[in-house]
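What follows is the residue order along each chain.
There are 2 protein chains.
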Amino acid sequence: MNANQTVFEYLIKKLYDYGVRHVFGVPGDYALGFFHELELSNLEVVNTCDEQGAGFAADAYARVNGLGVVCVTYSVGSLKVANSTAQAFAEKSPVIVISGAPGVKERLENPLLHHKVGSFDTQLKVFEQLTVASTIINDAEIAGKEIDRVLSAAIRNKQPVYIELPRDMGTEIVTPYKTSLVFDQNTDKNVLKEALVEAVTIINSSKKPVILAGVEIHRFGFQKLLLKIIEKTNIPIACTLLGKTVISENHPRFLGIYEGAMGREDVKDYVESSDCLILLGTFMTDINLGIYTAHLEKGSSIYVTSEKISIHYHTFENIQMEEFLQGFLNSDLKFHKTNNIPHPIHPVQTKPIKGKNVSVSYLFQSLNWFLDDNTIVITDPGDAMFGAVDMTIHKAAEFLAPAYYASLGFAVPASIGTQLIKPKLRPLVLVGDGAFQMTGMELSTSVRYGLNPIIVVLNNEGYGTERPMLDGRFNDVLLWDFCQIPKLLNSGLSFNIKTEDQLEDALDEVKKYTKSFCILDVHLDPHDSSMALQRLTKALGKRISKSM
Amino acid sequence: MNANQTVFEYLIKKLYDYGVRHVFGVPGDYALGFFHELELSNLEVVNTCDEQGAGFAADAYARVNGLGVVCVTYSVGSLKVANSTAQAFAEKSPVIVISGAPGVKERLENPLLHHKVGSFDTQLKVFEQLTVASTIINDAEIAGKEIDRVLSAAIRNKQPVYIELPRDMGTEIVTPYKTSLVFDQNTDKNVLKEALVEAVTIINSSKKPVILAGVEIHRFGFQKLLLKIIEKTNIPIACTLLGKTVISENHPRFLGIYEGAMGREDVKDYVESSDCLILLGTFMTDINLGIYTAHLEKGSSIYVTSEKISIHYHTFENIQMEEFLQGFLNSDLKFHKTNNIPHPIHPVQTKPIKGKNVSVSYLFQSLNWFLDDNTIVITDPGDAMFGAVDMTIHKAAEFLAPAYYASLGFAVPASIGTQLIKPKLRPLVLVGDGAFQMTGMELSTSVRYGLNPIIVVLNNEGYGTERPMLDGRFNDVLLWDFCQIPKLLNSGLSFNIKTEDQLEDALDEVKKYTKSFCILDVHLDPHDSSMALQRLTKALGKRISKSM
Numbered sequence: 000m001n002a003n004q005t006v007f008e009y010l011i012k013k014l015y016d017y018g019v020r021h022v023f024g025v026p027g028d029y030a031l032g033f034f035h036e037l038e039l040s041n042l043e044v045v046n047t048c049d050e051q052g053a054g055f056a057a058d059a060y061a062r063v064n065g066l067g068v069v070c071v072t073y074s075v076g077s078l079k080v081a082n083s084t085a086q087a088f089a090e091k092s093p094v095i096v097i098s099g100a101p102g103v104k105e106r107l108e109n110p111l112l113h114h115k116v117g118s119f120d121t122q123l124k125v126f127e128q129l130t131v132a133s134t135i136i137n138d139a140e141i142a143g144k145e146i147d148r149v150l151s152a153a154i155r156n157k158q159p160v161y162i163e164l165p166r167d168m169g170t171e172i173v174t175p176y177k178t179s180l181v182f183d184q185n186t187d188k189n190v191l192k193e194a195l196v197e198a199v200t201i202i203n204s205s206k207k208p209v210i211l212a213g214v215e216i217h218r219f220g221f222q223k224l225l226l227k228i229i230e231k232t233n234i235p236i237a238c239t240l241l242g243k244t245v246i247s248e249n250h251p252r253f254l255g256i257y258e259g260a261m262g263r264e265d266v267k268d269y270v271e272s273s274d275c276l277i278l279l280g281t282f283m284t285d286i287n288l289g290i291y292t293a294h295l296e297k298g299s300s301i302y303v304t305s306e307k308i309s310i311h312y313h314t315f316e317n318i319q320m321e322e323f324l325q326g327f328l329n330s331d332l333k334f335h336k337t338n339n340i341p342h343p344i345h346p347v348q349t350k351p352i353k354g355k356n357v358s359v360s361y362l363f364q365s366l367n368w369f370l371d372d373n374t375i376v377i378t379d380p381g382d383a384m385f386g387a388v389d390m391t392i393h394k395a396a397e398f399l400a401p402a403y404y405a406s407l408g409f410a411v412p413a414s415i416g417t418q419l420i421k422p423k424l425r426p427l428v429l430v431g432d433g434a435f436q437m438t439g440m441e442l443s444t445s446v447r448y449g450l451n452p453i454i455v456v457l458n459n460e461g462y463g464t465e466r467p468m469l470d471g472r473f474n475d476v477l478l479w480d481f482c483q484i485p486k487l488l489n490s491g492l493s494f495n496i497k498t499e500d501q502l503e504d505a506l507d508e509v510k511k512y513t514k515s516f517c518i519l520d521v522h523l524d525p526h527d528s529s530m531a532l533q534r535l536t537k538a539l540g541k542r543i544s545k546s547m
Numbered sequence: 000m001n002a003n004q005t006v007f008e009y010l011i012k013k014l015y016d017y018g019v020r021h022v023f024g025v026p027g028d029y030a031l032g033f034f035h036e037l038e039l040s041n042l043e044v045v046n047t048c049d050e051q052g053a054g055f056a057a058d059a060y061a062r063v064n065g066l067g068v069v070c071v072t073y074s075v076g077s078l079k080v081a082n083s084t085a086q087a088f089a090e091k092s093p094v095i096v097i098s099g100a101p102g103v104k105e106r107l108e109n110p111l112l113h114h115k116v117g118s119f120d121t122q123l124k125v126f127e128q129l130t131v132a133s134t135i136i137n138d139a140e141i142a143g144k145e146i147d148r149v150l151s152a153a154i155r156n157k158q159p160v161y162i163e164l165p166r167d168m169g170t171e172i173v174t175p176y177k178t179s180l181v182f183d184q185n186t187d188k189n190v191l192k193e194a195l196v197e198a199v200t201i202i203n204s205s206k207k208p209v210i211l212a213g214v215e216i217h218r219f220g221f222q223k224l225l226l227k228i229i230e231k232t233n234i235p236i237a238c239t240l241l242g243k244t245v246i247s248e249n250h251p252r253f254l255g256i257y258e259g260a261m262g263r264e265d266v267k268d269y270v271e272s273s274d275c276l277i278l279l280g281t282f283m284t285d286i287n288l289g290i291y292t293a294h295l296e297k298g299s300s301i302y303v304t305s306e307k308i309s310i311h312y313h314t315f316e317n318i319q320m321e322e323f324l325q326g327f328l329n330s331d332l333k334f335h336k337t338n339n340i341p342h343p344i345h346p347v348q349t350k351p352i353k354g355k356n357v358s359v360s361y362l363f364q365s366l367n368w369f370l371d372d373n374t375i376v377i378t379d380p381g382d383a384m385f386g387a388v389d390m391t392i393h394k395a396a397e398f399l400a401p402a403y404y405a406s407l408g409f410a411v412p413a414s415i416g417t418q419l420i421k422p423k424l425r426p427l428v429l430v431g432d433g434a435f436q437m438t439g440m441e442l443s444t445s446v447r448y449g450l451n452p453i454i455v456v457l458n459n460e461g462y463g464t465e466r467p468m469l470d471g472r473f474n475d476v477l478l479w480d481f482c483q484i485p486k487l488l489n490s491g492l493s494f495n496i497k498t499e500d501q502l503e504d505a506l507d508e509v510k511k512y513t514k515s516f517c518i519l520d521v522h523l524d525p526h527d528s529s530m531a532l533q534r535l536t537k538a539l540g541k542r543i544s545k546s547m
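Residue numbers (numbering that gives the first Met the number 0), protein chains in the order written: chain A, 0 to 547; chain B, 0 to 547.
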């Protein structure tokens, strides 16, 4: 490291070296010094309207870029990102939460400085629950080592970490130290060998192996490795919803999204009849598995995650996932000559009927056709997400959805984080009217930074996914005239859509209008729902009201 | 208690008995059962756009009503109110946080149910940091006792508490129990006597005693007791900013707001030259005390709070604040014949100059004249709050501002909580353009529930209070055309205001238009500021950039 670097400079350089180019946040007095330093640096500060928006934007950025940063002030800022940090933790998104804080000298005698909750370390204790590593930089002598320790924990675990910067520490000179810490986990070669031999034997002797790939493939960057394994073995592959697009959905061995009864029936049947299910980087979550409608047989599964590897009913620890996958590739896994596998339904061009009301099913078919190689689909939880299960995402594009933690309000701010680091991709944001009312005004931030997302509001007059479970006035929301938003923000284009022809016309216009955001207010029957949700409802019958 | 009450019924009845009439929140699947039960009960569910809005609304409600409730779903809901709960903790506002959660039976085998962060008790651990008591209702046998324990902690401490309701517990029958717990603190009579004798002796022998009253007077409902003490002793009284309106600002013994150099100079001089300062229920916070410009002499102070009582340099514990104040009233405290005390400047009718741009100073003078007995002033932190220091609040009205924790985005949702429980008061909401962009769209909730707040947006094109500290692009915000909001929400009236005459005309219209909200977009010079902030800046000179 360079001598004479300040704490601020050291931290900023490290973030840049790790590939960070943007920092999301809202300034506050305890963080002003750091914001000032960021403005002078080669990182761009992206001010959101509210810290919540910054948290979601940083989460999406981390998912796409490998690392994201949200920078806030003490308590009033940091506690507003508790929820987005929890989501990043649950869904393995490496977000660095940097919080300004009262100076070390200011804390003496425990005065009632503004923004303090109970004690000065209240927020540290909160973030200890929501991160894999945390630190308060209160000593320049170990600042460098501490920053490195915490950042490498984020990289290694793909989960959020917390760095608190007392405001009088920023200009202190970091004491140089020898980078001698080994932050990586080691693989026990004996364990690896035994696990590989057993797995390969089982797979080679199986008749109908299937890979079910999950989100860790994406987070740890194993897409190419996975592709090679599939090319070597010819094993068909399905993905979970959280893992959607870890492989191109046009790949000849791709079956579709497996999601229990919520997914397509042919995929479900194929996966569940496998005599050797190979789960790679999959979270066994309830939504991923179609709210308990999945039937996966543990006794015939090989389950590989970054945390541990299980074969049938026994477990191997201390194996790096990458080494295990690499081991697969170097092993004598045979080529499986399976044919007749299900394939995703390819989008067909919709033919609008003039004056016919748009149904949820028509909307998703139409959007599916609309996608091109430069689209990234980002959805909020709810039917916006379930409906997207059946969309075929093209090879260059990606799909982002908080399919496990499922926090409403994610999608609009997530589009900001995504497009800033992937400027060639235009986000197609699918969001319910209820979720839009939470964070949708972050479109203001899109305008400020010259972005042009396409926002499709699935306007079904309330919390549509909850109505079939238990309905009441509490599932209603006030009806907004979303088409007024361009006037409020002095930018963008809006479309009020009730019929199929209006939808097609709007999508044509949207392709041409690229200088700012487009918002499509798509009016839907409050009791209509996506094919995926209809499949689930059919399978569960009335059980849904109990199980979700 | 009634036999055969379910957990839901028991909790709802207790809340009603404590004076709660509204519950703020956003439903989610883990909380749907409770929302359904609330809808059937005599409590009204108030759906906000986002949980953050519900948290702030409940905080304001608790401040005005003595108890407030926010009800949310697991993790994705509860963690969105971490910040508002922290504010309630720091500023002594008794908010009950009720969170739906996975059922007790669902938690077996630790499955990956949606919304889960690390472990099932992650959010409990978070809220343990932000509340004075917390519980998970996982056993019907002790549910009644647990609910009572936690609710009484909120009442006793005037601070938030946390109740987690696993969704399979709601319909369980609560086992009756004898209410035998003593939840109140006791006063040690010997301690009380000694403290009273010493305090009375000091006050009686002082030449220039002054009372400085704080927010605990309001929270614990000691306003009448305070009034009697002042009538008995004739001692002049100042208030802190957080304690503004604990006494009528028209009272003949009221000096004004004491806030160090940020307050009026005559008040500062009078208070700081006292030979016997009696602090009653005051938080010694930095903002309350004008960011370190206060000069209060501990050696001549009597400091009474709900937590302890200090006289000069020694401390008494185990004294109930109410008994101490009652002891004052029953003691032989003498009548002080002080005259020539400072008085607040009474508002004068502003005379607009046509075409002259509105200054911050003119705005506050004009609003001060506009107030009537049915106005409650609610401010966001920043110059909206500092400027209100000099406003004279009329006797029937109140003043709400998060003057210590200072979380931006409070005021608009706070107006919802306030007006629902005090329907005769019309909120005058003072909010910066930056803060409005955080939570201002909660006006949607005001419309839904038929409220009519007056929103004054102090539009100075960014974070105005931060500019004098350290400026940069990070203090800018996108300019919104706030006047479009009524069209977006299909309700309300808006005013675009640049000049003094436009302001006066708008305020005349606002008085007549009472059927929905009014929003005044008041354009201000980005470098203008309130008289209070100007006084502070003058006193601190360049020190402000270091101290705030």
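There may be inaccurate statements among the hints.
When chains are identical, the list treats them as one kind, so a pair holds in a single copy or across two.
In silico lysine to any residue, SDA-like type, Cα no more than 25 Å apart, as pairs [stated by the list, open to error]:
hint, residue 1, residue 2
1, Lys514, Gln483
2, Lys486, Thr498
3, Lys177, Leu39
4, Lys188, Ser360
5, Lys421, Tyr17
6, Lys333, Ile344
Quick caveat, the hints were computed from the structure, so don't treat them as lab data.
Results for each hint:
| no. | hint | verdict |
| --- | --- | --- |
| 1 | Lys514 / Gln483 | both (18 Å within a copy, 22 Å between copies) |
| 2 | Lys486 / Thr498 | both (24 Å within a copy, 23 Å between copies) |
| 3 | Lys177 / Leu39 | neither (28 Å within a copy, 66 Å between copies) |
| 4 | Lys188 / Ser360 | neither (51 Å within a copy, 74 Å between copies) |
| 5 | Lys421 / Tyr17 | within (16 Å within a copy, 54 Å between copies) |
| 6 | Lys333 / Ile344 | neither (29 Å within a copy, 90 Å between copies) |
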